[in-house]
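Colleague: Chain by chain, the residues:
Protein chains: 6
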Amino acid sequence: MSAAPPSLPTLGVGERVQDTFLVWDVEQRTQADGNPFVILHLANATGRLPTAPFWATELTKVQGLAKGAIVSVIGEVAEYRGGRQLKVTSLRPVPRGMADLARLLPSVGEVEPYWRPLDKWRAQMAPGPWKRAVAACYDDPDFRRDYERCPASTSNHHAQLGGLLKHTVEVAYIAQAIARTCGADWDLLFAGVLLHDIGKLEAYRYDGIFETTERGALLGHVVPGALMLERRLAELAPPLTDHERQLLLHLVLSHHGQLAYGSPVRPMTLEAEILHQADTASAVSANMADALRDPSNFPEGAAQSRSIWSLEHRKVWRGGGA
Amino acid sequence: MSAAPPSLPTLGVGERVQDTFLVWDVEQRTQADGNPFVILHLANATGRLPTAPFWATELTKVQGLAKGAIVSVIGEVAEYRGGRQLKVTSLRPVPRGMADLARLLPSVGEVEPYWRPLDKWRAQMAPGPWKRAVAACYDDPDFRRDYERCPASTSNHHAQLGGLLKHTVEVAYIAQAIARTCGADWDLLFAGVLLHDIGKLEAYRYDGIFETTERGALLGHVVPGALMLERRLAELAPPLTDHERQLLLHLVLSHHGQLAYGSPVRPMTLEAEILHQADTASAVSANMADALRDPSNFPEGAAQSRSIWSLEHRKVWRGGGA
Amino acid sequence: MSAAPPSLPTLGVGERVQDTFLVWDVEQRTQADGNPFVILHLANATGRLPTAPFWATELTKVQGLAKGAIVSVIGEVAEYRGGRQLKVTSLRPVPRGMADLARLLPSVGEVEPYWRPLDKWRAQMAPGPWKRAVAACYDDPDFRRDYERCPASTSNHHAQLGGLLKHTVEVAYIAQAIARTCGADWDLLFAGVLLHDIGKLEAYRYDGIFETTERGALLGHVVPGALMLERRLAELAPPLTDHERQLLLHLVLSHHGQLAYGSPVRPMTLEAEILHQADTASAVSANMADALRDPSNFPEGAAQSRSIWSLEHRKVWRGGGA
Amino acid sequence: MSAAPPSLPTLGVGERVQDTFLVWDVEQRTQADGNPFVILHLANATGRLPTAPFWATELTKVQGLAKGAIVSVIGEVAEYRGGRQLKVTSLRPVPRGMADLARLLPSVGEVEPYWRPLDKWRAQMAPGPWKRAVAACYDDPDFRRDYERCPASTSNHHAQLGGLLKHTVEVAYIAQAIARTCGADWDLLFAGVLLHDIGKLEAYRYDGIFETTERGALLGHVVPGALMLERRLAELAPPLTDHERQLLLHLVLSHHGQLAYGSPVRPMTLEAEILHQADTASAVSANMADALRDPSNFPEGAAQSRSIWSLEHRKVWRGGGA
Amino acid sequence: MSAAPPSLPTLGVGERVQDTFLVWDVEQRTQADGNPFVILHLANATGRLPTAPFWATELTKVQGLAKGAIVSVIGEVAEYRGGRQLKVTSLRPVPRGMADLARLLPSVGEVEPYWRPLDKWRAQMAPGPWKRAVAACYDDPDFRRDYERCPASTSNHHAQLGGLLKHTVEVAYIAQAIARTCGADWDLLFAGVLLHDIGKLEAYRYDGIFETTERGALLGHVVPGALMLERRLAELAPPLTDHERQLLLHLVLSHHGQLAYGSPVRPMTLEAEILHQADTASAVSANMADALRDPSNFPEGAAQSRSIWSLEHRKVWRGGGA
Amino acid sequence: MSAAPPSLPTLGVGERVQDTFLVWDVEQRTQADGNPFVILHLANATGRLPTAPFWATELTKVQGLAKGAIVSVIGEVAEYRGGRQLKVTSLRPVPRGMADLARLLPSVGEVEPYWRPLDKWRAQMAPGPWKRAVAACYDDPDFRRDYERCPASTSNHHAQLGGLLKHTVEVAYIAQAIARTCGADWDLLFAGVLLHDIGKLEAYRYDGIFETTERGALLGHVVPGALMLERRLAELAPPLTDHERQLLLHLVLSHHGQLAYGSPVRPMTLEAEILHQADTASAVSANMADALRDPSNFPEGAAQSRSIWSLEHRKVWRGGGA
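Protein chains in written order, with numbering that gives the first Met the number 0: chain A, 0 to 321; chain B, 0 to 321; chain C, 0 to 321; chain D, 0 to 321; chain E, 0 to 321; chain F, 0 to 321.
Hints were generated in silico from the structure; no laboratory data involved. One or more hints might be untrue.
One copy or any two copies: either way a pair holds, since identical chains are not told apart in the list.
Unchecked claim - Below, a list of computed lysine-lysine pairs in the DSS-like style, where the Cα atoms sit at most 30 Å apart:
id, residue 1, residue 2
1, Lys60, Lys86
2, Lys130, Lys86
3, Lys119, Lys130
4, Lys314, Lys130
Throw the hints in and build the complete structure from the sequences for me.
Modeller: Below is the structure:
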């Protein structure tokens, strides 16, 4: 089972499957005659595939299965209304501890290529408050282990294991390009890049299906990031000055750019404005690229997509390149 | 000087004044011939009064005076364009330590009548996390000394020494009335009432003219309140549970009701919703009452006011009562 | 049949039911084979329960039944997809005049506890225009009979028989608390509380399922309230002055607070502002409390609800109390 | 004095003036040395002209004069900063009863050309509720006398004596053209045209400078129109049906088209929608034409205007015609 | 087949049909047992009618049929859930070239009555730039042939063959009425009426079902109109002046009135404002009239419609006339 | 006169000036005694400085001077209310042809450093439609001469000679960084970078003070860019395909991102979205950097600025760096 997981988006009709999957969702429906049936949506790191229905007489097979369960499955891919589904012949729950989550969840893959530039840039920071503030998080192995697994959202841009790390690198590259045009303080800005989304470590759960935690639901991710930063800065000796802490907290709090997008203050410094621009550019262009890649957004054969939720209900156009 | 300060809003033309005042503003203007002149806006706890102009030849008298200075003044009230101004015959700076700020700043007066109901309700809280969380602030004499002086805003509703305390009592009374209609958890709600605005202690400066601090400008007052709460809760032993802390922080963060008004999350619990409703009702009705009381809002003799900034540019109507 | 109606939300599977119900809705659906079937949604004062489907061969049993019909039913509660439905063995229309609507419609129950404080406060009003204006409605037994039955909305907050009366009492309590903080004219404000929603008597139909009338659809409920008030005031001798009538009409017209919420003018007096705040606080906190109590808002086992229409699409969090 | 009033917009520098004027505004200002001075803005039916300043030593001449006073003036037009002002040599108050307001206020001139088409169309209405409803207002000589004098706004479109009548005719012509394209009920629509703005008779004062009344400030003009209509319909025998009254009231209430523009309901019938479209087209195109005609909107020599308040802050372009 | 097409909206149950139809849509659905079925939505110039389902065993009959196909059909109208459907007994594809599209697509009918007033008004234009600009389009037979077929939208107002021409005439009539009230330049305005929507010739496809072209999706219809106008004006000798071209382009670009509605500039000339008002009045009143005529907008027997998308989600009221 | 122009922002009080200046504005004001005076705002490439007033008796010296005139001036810097002004002793108009505009207008300086990267990237484009489209503009020496002088706005970001070129380079750098994160087509995107703002060449005048042209006022700059691109593409042989032209036009039209910001269509391709993000990032960060550098935005000594128009009325914070 250490082999690569079967590629769910590309398995052909008739192919046989025997592997471990994550139950991404349990769809309960009813026939017109009142009899219930269930469809499982199975996932692994490569994507997702629905099963054929478990009819009323087969419901015992899926009894007790909930979102996030892990199952060992044997089955065969069948065609159904122009789509594909997995006809399951055997299904058996797998204890969580025995599964390799990296095989089951969407992932950016190896994280080393993302750590490398970030750590290089960190090494180049001038000694001072920004470098020390960053180290308070990024020198901590526990922080790094969480950070390199956390997704950047539960179902929107970079919703993958490692997605937050990948997003951070993208924001850094874009912020660097903007900073050069207007003479911003790179060390402060880069500290903002590294710290702006740390609240997501507490706002999301990603040890199975991606979900919002109670903390994330009640507090969002922006303020938990500020709270986490204050806790870690409180342990620094000598401490940062009030002024320095406030500039860093301002970067974290204002990075959504607008009050209506959940930032309690708008960017007031050049570095905060650039961080917001770079964060938006990384998120929106990732959403656009994802939307264009996903065939389910397009009516059959169409170049113009359906209205896309993650792009403020815009439609997109594929075949953009000549 | 321990006598009551002279009543600036009601001093008659011709009356002589000899007292200490706060320089609320220094208005620098220029005559058409290019010669500069200065008007001081003097304040004490009763209100404000402008001086007659200090002409070019008298500017040495006001040299070096800035907003927030304290001055000992002798003068006489004169009429000017249907208004009043103070013709100053003597003006002398007073060192800050030697002045009694309570005589110089707008104030709610005695704070004891506001502490009494709050402390009575605190005593009635059931032992538990909400009572302990409140005690972490309200049992601290330093906290109380700041809280009973802090204004609720720098220039909007309850912009007076003690204004925050008065506002807190109002919110408590209103929240109580709402809670009764829908069965909310009063102890949790009352904790929210007491804690929702504590960030203003760090966001405002009120040891002279009221101003926003750097912390207030860069972080607002909502998040500093959450940060202060976390710091104080961190010292409790045994600690509150994560769940309990999150419910309290949610009350603080969501009390503006809308993202566009600076709350990073909207109210999701019954108590958070009630707190928001009560906070708004106290603030808006205070703004409305203040606007109706202030004659400068009304063109001479008019029942309909000018557009009022603090009421979203509404006009108000005086003579509302029959 | 004078016994309490069976509790539809709590009847257990297997229990037998024999009682009169209101047909809240007639759901017409079709099987995939093209055959139609019908599900009735039965209601009484305790809540609602769907029937099992009436299949094509049984449609004669429900022929001619429309929303709002009253039926005598015998059946048994069955389980269905984790929910409950009523398997109907006998169903017979009941003439409207023979049914006790109070047993069939959601209701606040006894209205006397709501009249008591309102009438006490009315008795305490000083003689004068506000007391007389209120009496023009509230001394009329016909008005009272309608007012104590009318719901406060057809499907939103306080959508129960007597809901308008209950809402009025809540608004009065909250308005009182706000008025105390800012010195409003209580008699005028209380008149506004009693009169602000009288247009709902004409805008809603509540002699069966709750519906909007033609008047309500074409004119809303705010302006019909103003029109009704003018008609009743026209019969007073001596009449109120123009000024007095205008202050009262302003309270009625402005109580939604914003033009975009259907008030043709925004509140311009202190009493109008307080009425708006209290009306909103009663409505929104009732919506929030209702949403938290309704298990159908929550995915199974979840603490976070689905998006709630009546709360501007917010999600709410249950388990708010510690 | 029965001669035509002097044309204030075109009087040349050096011309002598001896006539009666309305005091449109009294501008009180102050020299830099603290001395007050006053400029009067004089008006007659042709337009307005400011006086030269009345300096401190001349203030007795204008003592007691307020907005809306009527004065007999002798003076001479002088140049001032590229503009013109009236140097007053004699000024004497005139009792209100002795002045001919038609000579003093901006006016559409003869009203007969506006009554003619309206009365012709009224005569062509089929007997029935709409014709009778219209007659309840338009057969009343008092109503007609007011209606032919009332402006359509106090300072926006058609702010002239007779402006409401002129606007009504314009709306009728435009509504007719729209109605033809989509088969609306012309008699009902025409009744809406005639009745939609009758509330302005109570919302505005126009027996001197144009002002909003207390009724207009507290209730707007839309609802007073509905109230007036109900009062007049209440006297009809036999009465209109509820349905008929509601359709007419809906036309009055919805004519602003949007809740945010002060209509408590949006147009729900074809006739209401057309009335709204025609009303807007008349008002906005009048505002645009007025803005283009007024040289004070344009920086000297410029084709592009300043931002125009009455056009939602748009700039306009003169020289639009080739 | 040159006979009038059968009236799909009014065919009675039991009537037999034998004719050619356009396949407006192919609805693919699935039974609960997983078996697919298909419903065709057939259209001709009179309206639309769905077929009865083609079940799994009949799918070969509709294999290969796509939106926009043309088919020869024999069948009989059946009742189904209170609606009607066509039970198809024979279905055969028809090559596109052999069908008469005018019989198959919704159409305004004869276009001559629309050309007549437009051409008469064109003849009355004074010689000059506006007349020449119009001629550059309207003297070209190819342009006329396209213009008299193009719909004014694909699924909203005037979505019929010839709809754009009909809409143009309506805008002209309404613009004329508005222009008279405020003295606009009719020749310039009429040129704007004729040219404002010419971009729709490139933005829509109407040689079958109505669809947006790639040009329409990527550029909208406003800018393609401006580009088309510039191309045609480039061929005029002598050319129009820059000023003249800019006034015409401004009319085209600003006719949606607001940036948020897709106009890159707001109307700045009187003619542009009138064009916008007339365009809106024609479109919105057509939408309202269409919505009132369409029984599918109304729950059975109801006077109040469902929320209508094309009217900004308003509900409408039928039985508006007395 | 070929020497560097005197540095207006830094000239000390008492320094003598003899040079040529551009009249940026002519401020006409009046003393309280009614006497007019004039202040000139003089500009050169280094910045601006106001003159001392020209009093009534000196007005002949400035007679006939208008915005945009060029003058030769002798004078001395004087202090005035804490600011500086130029006391002019001699002032003489200079014919436009004889002045070196580069010395008189704000400028980015040498343009070669901006051309270099753009031309290098152009050389690296693969042969094909995007390279050819770009060459249609950028191989034309006239186009280049205009492009390297045009400002990016008249008074907002990059309002300097060469500002458009500088902005273009910034957009290119930022777009490159974004494109790398999501795999966009760089050649197409770079073509969009180079072409998106070409309409500004026609929308602005920059042969003196910066102003909007008639074309810019009536059509904006987005659509003139599309029109210019079509004209230039029309001359290419062989021509681009319709599809290729539409993708390029889409980039130009959608680059403002939102309809409300003047783009008639929103970005629908990945390249269009990135172009919009990079354009915004360059503009907003330039505005922020400019605002922080300009001392006139800050009340004396303050770290928090006044509300800044070009940043959506935000306040900014200087001393952002630690």
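Colleague: Could you work out which earlier hints the structure fails to respect and list their numbers in ascending sequence?
Modeller: Violated: hint 2 alone.
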